[in-house]
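Could you put together the complete structure from these sequences and hints?
Chains as they are written, first to last, in this note's numbering: chain A, 1 to 327; chain B, 1 to 327.
Keep in mind the hints are simulated off the structure, nothing from the lab.
Quantities reported herein were computed from a predicted structural model and do not represent experimental measurements.
No residue lacks a Cβ here, since even glycine has one placed at the ideal position from N, Cα and C.
Accuracy of the hints is not assured; some may be wrong.
As the list claims (entries may be wrong) - Covered stretches of chain B, as calculated for chain A (at least 3 residues, CB under 8 Å):
{"id": "1", "region": "49–59"}
{"id": "2", "region": "87–101"}
{"id": "3", "region": "297–308"}
Protein chains: 2
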Amino acid sequence: MIKIGILGYGNLGRGVECAVRQNPDMEVVAVFTRRDPKDLQILTQSAQVCHVSDAENWKDKIDVMILCGGSATDLPVQTPEYAAMFNVVDSFDTHARIPEHFANVDAAAKCGGKVGIISVGWDPGMFSLNRMYANAILPEGKDYTFWGKGVSQGHSDAIRRVEGVKDGKQYTIPVESALEAVRSGKDPEFTTREKHTRECFVVLEEGADPQAVEQEIKNMPNYFADYDTTVHFISEEELKENHSEIPHGGFVLGSGRTGWEGEHHHLIEYRLKLDSNPEFTSSVIAAYARAAYRMAKEGQTGCKTVFDIAPAYLSAKTGEELRAELL
Amino acid sequence: MIKIGILGYGNLGRGVECAVRQNPDMEVVAVFTRRDPKDLQILTQSAQVCHVSDAENWKDKIDVMILCGGSATDLPVQTPEYAAMFNVVDSFDTHARIPEHFANVDAAAKCGGKVGIISVGWDPGMFSLNRMYANAILPEGKDYTFWGKGVSQGHSDAIRRVEGVKDGKQYTIPVESALEAVRSGKDPEFTTREKHTRECFVVLEEGADPQAVEQEIKNMPNYFADYDTTVHFISEEELKENHSEIPHGGFVLGSGRTGWEGEHHHLIEYRLKLDSNPEFTSSVIAAYARAAYRMAKEGQTGCKTVFDIAPAYLSAKTGEELRAELL
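Listed below in structure tokens is the structure:
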């Protein structure tokens with residue numbers, strides 16, 4: 001059994017707990033929290049709840065520590081810190097800071113003789129893999145990524161910071177005609193506005209001015225100003241009833257040409273349609289935890305990404321089984 | 001530059017030649033044929049055309065030999081034979097015989113200190129990878145493979161063997177309602193007939209009986225009897241005009257559930273839409289030739305499949321570039 005520790009118990013940590021249960025060769029042995037452990041109820045009967053300050057004492061009792069903190073402030077500190085003591089997996093998703101994060105985790109993991117896998121999930125993660133495979137197969141081609149339909153936590157948070165807004169949810173929606181243009185092999189160039197629209201469901205504070213709120217949302221730089229944005233005002237009950245899930249997904253399209261004169265077009269399309277963004281991310285993480293365990297057993301050390309990991313490491317099946325059943 | 005040899009110059013060999021030209025770090029140095037080399041015209045000015053019996057003399061001048069023979073009789077013999085002398089890549093696609101082929105190539109490649117990558121292309125190949133990733137991520141799920149719309153060479157050959165048939169082409173077509181049933185998360189079980197239909201375009205010999213030909217095609221065991229098959233009789237000109245390309249493609253769908261009680265559904269969908277089946281297969285092979293070269297440089301030996309190869313080996317980009325641009 002691969003012994004898993006979970007550090008951080010929000011949506012992602014709980015998702016990892018659920019994912020590990022689906023993998024018969026893994027078990028969660030401990031969940032680490034910054035809260036008082038007495039106040040935390042987890043689902044796994046056999047696992048302990050510990051304070052994060054106890055983690056060090058689990059060095060020999062955990063094969064892979066899964067870091068479920070946020071990318072803004074938690075993971076840049078936590079992943080290098082814990083990679084010195086444990087094999088770790090994180091879902092660091094600030095694309096622009098990945099090179100720096102990689103370097104920090106690589107140094108720490110090599111120092112500790114551990115494996116640290118960063119940026120695991122679906123984007124970065126499965127979408128990255130599909131961008132990379134498509135580019136490697138079709139060098140005379142382009143790749144396109146579309147997100148949604150799904151809930152963007154960052155944009156939902158931005159809505160909730162607007163004065164007069166009590167609660168809100170934002171959906172990112174890919175523009176169907178843009179998808180079709182890529183599929184047809186036209187190799188289009190898009191503006192931000194042409195690829196995605198944004199749809200907001202907003203609960204107002206009592207007495208708030210809907211027109212003012214709508215304008216402030218629609219004109220918010222970075223978040224909404226570059227998009228066609230729709231704002232719907234709904235009741236708190238309706239928000240709870242219809243918008244309490246966290247679905248997401250999207251598309252990676254690779255479009256390219258082959259032949260001596262580029263006479264043939266090819267389309268590679270990878271699509272995810274996810275009822276729960278954190279649970280799917282967690283499921284990818286659980287598979288890569290298996291990889292971390294196996295690579296460490298082989299004596300590998302340092303930081304790895306999905307690009308560096310042979311697919312077979314993710315599967316509970318043996319090489320023989322994979323070749324006979326799935327090749 | 002990675003020096004590529006091509007053994008066999010049919011549709012696949014010519015496709016490899018085109019694919020290599022798209023990769024700036026590779027060049028075709030020689031094409032080996034069973035024909036008289038004087039009778040073979042290739043596209044690459046700088047490459048030599050040699051008789052297959054000369055291959056041995058190229059041991060030190062070729063980094064990766066790409067074997068472009070057929071799976072029925074060529075590759076089971078050729079791949080082990082050449083894997084003892086060269087790093088090789090093949091597209092062996094007889095799924096049931098892969099374990100045996102793997103064992104033979106593994107022994108030969110280890111003996112020769114070479115890397116042999118087998119069963120590269122899209123199925124087996126990219127489709128296998130997607131089946132494997134989906135199963136590893138969603139252990140409580142199922143995977144489905146649909147082929148088409150595309151030309152099946154085997155079924156087209158079968159049509160042409162029918163008495164009274166001068167020429168013909170067969171298209172395999174996935175049943176849209178079956179795809180939709182999978183996408184909706186119903187986890188359906190399908191009979192053969194429910195997943196694909198077959199459409200045949202047939203040119204009759206003069207005086208042949210269309211009804212007899214149609215009945216013989218539709219009732220042909222293994223090939224057509226288990227499917228809903230449509231037969232169209234067309235002129236030789238029409239066949240040439242509208243059916244001389246070799247498009248193909250298909251879908252790998254992974255459907256599964258997550259959550260403590262399986263409360264959330266997820267769909268992973270990988271689709272290929274290929275104008276030229278052999279050219280796309282060749283493009284995948286070219287990327288894996290790069291992997292064979294690099295793995296051999298690192299001192300690895302033996303038989304590998306797409307499951308065993310870290311994605312980064314396929315790309316001409318460095319690890320730093322991949323992390324900065326595609327992760």
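Hints, verified against the model:
{"no.": "1", "hint": "49–59", "verdict": "violated (count 0)"}
{"no.": "2", "hint": "87–101", "verdict": "holds (count 3)"}
{"no.": "3", "hint": "297–308", "verdict": "holds (count 4)"}
Checked against the numbered hints above, the structure violates only hint 1.
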